Amino acid sequence: MDATATTTLPQGISFERGETGEEMYVNMGPQHPSTHGVLRLLLKLDGELIKDCIPYIGYLHRCHEKIGENRNYIQIIPYTDRLDYLASMYNNWSYVKAVEMLMGIKPPERAEYMRVILGELQRIASHLIWMGTFGLDLGNFTIFMYCFREREMVLDLFESVSGQRLNYAFFRIGGMPMDFPETFYTDCVSFLEWYKARLPEYDRLLTDNVIFQKRAQGIGSLSREDAISYACSGPVLRGSGVRWDLRRNDPYGIYDRFEFKVPVGERGDVWDRYMVRRIEMEESARIVEQALAQMPSGDIMGKVPKTIKPAPGQVYSRVESPRGELGHYIVSDGTPNPYRYRVRSPAYVNLSAIAAMLKGCLLADCVAVLGSIDIVLGEIDR
Amino acid sequence: MVPLSHYLVLSAILFGIGLFGALSRRHAISILMAIEVMFNAVNLSFIAFSRYLPQSQMQGHVFAVFVIAVAAAEAAIGLAIVLGLYRNFKTVNVDEINLMKW
Amino acid sequence: MDFLIEKATALGVPTLLAQVGAMLAVCAVIILYISVAAMFMIWWERKISAHMQVRLGPMRVGGWHGWAQSIADGVKLLLKEDIIPTQADKLVFALAPIVVFATALATYVIVPFGPGLMVKDLNIGVLYYISISSLTVVGIIMAGWSSNNKYSVLGAMRSAAQAVSYEVPLVVSVLGVIMIVGSLNMQTIVEHQAGRWGPLPWNWMIFGGGLQVVGFLCYFTAALAECNRMPFDIPEAESELVAGFHVEYSGIRFSMFFLAEYANMFVVAAIAVTMFLGGWRGPDFVSPLLGATLGPKVAGVFWFLTKSYFLIFVMMWLRWTLARLRVDQLMHLGWKVLLPISFINLGATGLWLVLKDMR
Amino acid sequence: MSVEQGLFYFLAAFSVALALIVVLAQNIVRAAVALIFSFCGLAGLYILLDAEFLAAVQVLIYVGGITILLLFAILLTSRIAGKGVRVLNEQKVVSGIVAVVLMVLLGLAATRGFEAPAELPKQPENTPRIGTLLMTTYALPFEAVSILLLAGMVGAIFLARKEEK
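Residue numbers (this note's numbering), protein chains in the order written: chain U, 76 to 457; chain V, 344 to 445; chain L, 621 to 979; chain P, 86 to 250.
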């Protein structure tokens with residue numbers, strides 16, 4: 076009947092045993108409403124205070140990279156959808172860009188604009204889910220339903236384009252498979268109008284709420300130096316005050332043609348990460364508007380050989396996904412299958428900093444910190 | 344009407360039980376609980392006297408209130424001591440705690 | 621209840637039998653009321669939350685707006701297997717929901733539904749409520765510990781800390797009213813709020829009766845914490861502790877916790893109405909229709925329930941708008957904000973009473 | 086046997102049985118739970134003695150306060166005794182004899198020593214009377230108790246606080 080007996084730790088893993096003997100070991104997950112999937116955190120608690128934390132991953136491991144080595148270059152595209160299933164467009168994009176770089180293909184301009192529009196809409200959808208679930212983690216259920224309402228609209232747009240709502244597999248090596256439908260432009264504009272009017276509503280419900288502010292401010296801090304040495308990227312890095320956005324610092328595609336702000340935080344706490352994403356939600360809408368206005372006509376598919384057989388070589392391509400730097404590393408040996416295929420998933424790298432963020436937090440903060448990292452287990456476990 | 348002596352006998356039984364527990368339990372918190380039982384036994388006789396003796400005019404109730412207040416203070420301090428013991432000795436069994444100074 | 625006993629003895633029923641019979645009858649009525657009202661409140665909460673969240677909520681069971689959804693859920697919970705974990709302390713595990721439900725039931729004794737309509741008009745009414753409501757936490761700790769689950773234990777410890785710290789501002793904020801009225805009796809408190817206050821037709825405690833607005837707000841906040849409602853639902857925070865102390869419960873035992881939670885909500889609102897919002901007082905519009913004996917009672921019950929359910933609506937509204945506090949923030953709010961404010965309120969009320977006497 | 090007598094014997098048996106569980110139970114949490122119900126039984130007895138104010142205070146302070154504190158401390162210092170752990174020390178025989186002797190003596194004193202009055206004296210209403218007594222006759226003890234509580238609070242905080250490292 077010893078409710079606080081120590082958990083037997085797996086072999087090779089050991090917490091330094093505390094002196095007080097009052098610690099309690101809690102497994103948070105893999106089945107837990109706030110771990111956003113099948114993440115397991117082994118927490119050492121002193122009362123409610125978190126003394127140490129070890130994240131365990133691998134419950135969703137699917138041998139993604141090994142499968143990739145046994146498929147040809149085109150067949151991999153649908154698999155990449157399943158990496159970060161909340162932002163599938165970016166997985167497509169990063170992978171397709173890697174193969175294009177490997178083969179020296181340049182997609183036509185219209186295809187690039189389509190990619191930017193779809194990508195930024197995807198960023199909006201992904202951040203909406205994040206905002207909803209983050210509110211849910213901190214106990215606000217209503218924001219979750221509001222965010223899902225807007226996300227559904229984005230998914231409707233995607234459905235009208237690709238026929239799919241979650242795993243699109245819509246990007247092709249060298250361009251896009253088909254053009255936007257006629258209705259897309261008006262639908263997209265009216266969605267953006269509706270969406271921009273909703274953002275102040277979210278602010279009233281969440282951002283301006285004193286309880287929410289108190290819960291988010293000053294916890295889970297990650298210093299600038301730590302964020303860089305943990306190789307964090309995306310909003311986690313920017314929240315710690317590093318102005319690093321691949322769209323700005325390594326402008327791929329046509330990102331140098333758009334005007335947008337790169338928000339950064341100051342203290343690197345949960346609140347800063349929240350505000351970074353909150354502002355990005357506006358900026359993405361601005362980018363989509365600019366792209367819609369500038370959109371040229373023309374081809375959407377470049378010149379691509381019938382069989383995709385890149386010359387031997389290696390390439391690393393990266394895009395700024397909603398979670399950070401999403402990279403694909405491909406080694407080609409001249410056959411139709413990649414010799415080595417590897418994914419650098421931003422959530423995995425960002426998650427590795429959780430122990431540093433959680434030191435000295437309370438159990439309730441653990442949920443907030445985890446939410447602020449914005450993990451997707453499909454990407455972490457691959 | 345229940346006679347006064349029945350209440351007093353009940354009080355005596357409870358006091359005896361509490362005394363036995365306080366003297367012979369090993370767990371420090373158990374001892375505190377036994378002491379609480381004794382407090383309650385005393386309170387019961389206070390209130391019974393107060394009810395049955397015509398000259399009392401509820402003075403026994405006031406004593407019971409004081410006993411409850413003292414019991415609250417005793418419990419708080421006792422439990423703080425138990426926590427301190429646990430922190431230093433890793434046990435709360437009083438017969439294992441036999442050092443004068445740690 | 622006394623009324624029932626009198627009627628029965630007048631009809632020639634032996635006293636003992638009349639007493640036991642009246643007790644059983646009143647118990648049955650209260651249990652029936654709690655079950656029906658709690659089910660109604662659950663359905664209501666689901667509809668309110670749904671409409672706040674651009675949803676519709678239950679729409680199918682029973683036809684009109686899914687009114688029978690809670691009944692269906694209740695039947696389902698009754699028929700479900702009652703799972704007791706093998707590592708649980710079975711006796712304590714089985715007793716815990718009974719303790720929680722019984723205390724929720726016991727607090728209904730002093731709820732004044734209308735003029736003369738209460739189970740027992742105790743002299744120590746308010747104190748009785750405060751002491752009985754402190755029992756709930758015992759059941760919660762029993763549940764949390766006996767489940768032998770770390771989340772349950774954490775939930776139980778949070779709950780204990782929360783209940784102990786919020787009981788103090790709750791009691792102190794109510795003391796202002798008790799000082800003004802000079803009695804702990806619920807009906808006396810309602811009687812004291814009769815009459816008018818200046819242009820307003822209400823002499824309620826939060827208006828002219830005692831200007832207890834601060835006390836009311838303190839009470840309401842502390843009461844939200846007492847019945848584990850948002851933003852103070854950290855003992856059962858679903859995103860942190862899954863469900864807190866009742867993680868391991870299922871079937872009818874779970875439904876007892878659930879009913880008790882809603883029953884507690886109603887009692888808290890009812891006490892707030894009685895103490896601060898004039899109890900069952902309101903314009904008597906049914907007496908011309910029903911006569912002078914039945915009319916005031918019906919009107920009283922109507923106004924009492926209207927006010928109580930309005931407060932419950934506010935509680936639901938808050939739940940679906942606010943985020944959850946953290947444990948340390950909760951303690952901070954209880955000890956460093958609510959308690960000083962309620963003490964100041966108490967002192968100010970005392971001063972006011974003294975000055976009024978001097979005049 | 087009237088209702089009152091029946092209730093008295095029932096509550097008395099209930100309290101004594103639970104008090105026995107408190108001192109004999111293997112499992113300390115069960116002992117604490119038994120203590121809670123024992124206190125509730127005693128509160129019922131107080132009501133039989135027309136002390137409803139004290140009954141409410143009993144439930145409020147003992148059940149809602151002290152035993153919650155006890156349970157809290159048990160959960161904090163657990164390594165709760167499992168099955169087969171010795172809960173009584175080697176003084177148990179001696180202390181048992183002492184307790185029984187004391188019980189018998191007190192019982193004899195109670196049954197022989199006091200003449201039960203033929204009928205119950207009238208009692209003033211509970212709450213105002215206690216309040217008046219506390220503020221007049223017993224004002225000094227009242228203040229002393231409040232200082233004791235303050236000192237107890239400070240002491241408890243000091244003792245339970247962890248030393249800063």
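Be careful, since some hints might not be right.
[Said to hold, decoys possible] Here are the computed lysine-lysine pairs in the PhoX-like style, where the Cα-Cα straight-line distance is at most 20 Å:
#, chain 1, residue 1, chain 2, residue 2
1, L, K740, L, K917
2, L, K956, U, K289
3, L, K700, L, K710
4, V, K433, U, K119
5, U, K119, U, K378
6, U, K378, U, K181
Hint data in this document are derived by calculation from the structure and do not stem from the laboratory. Bear in mind that the values here come from a model prediction, so they are computed numbers and not experimental data.
Against the structure, the hints:
no.	hint	in the structure
1	L/K740 <-> L/K917	holds (16 Å)
2	L/K956 <-> U/K289	holds (16 Å)
3	L/K700 <-> L/K710	holds (18 Å)
4	V/K433 <-> U/K119	holds (19 Å)
5	U/K119 <-> U/K378	violated (57 Å)
6	U/K378 <-> U/K181	holds (8 Å)
Of the numbered hints given earlier, the model fails hint 5 alone.
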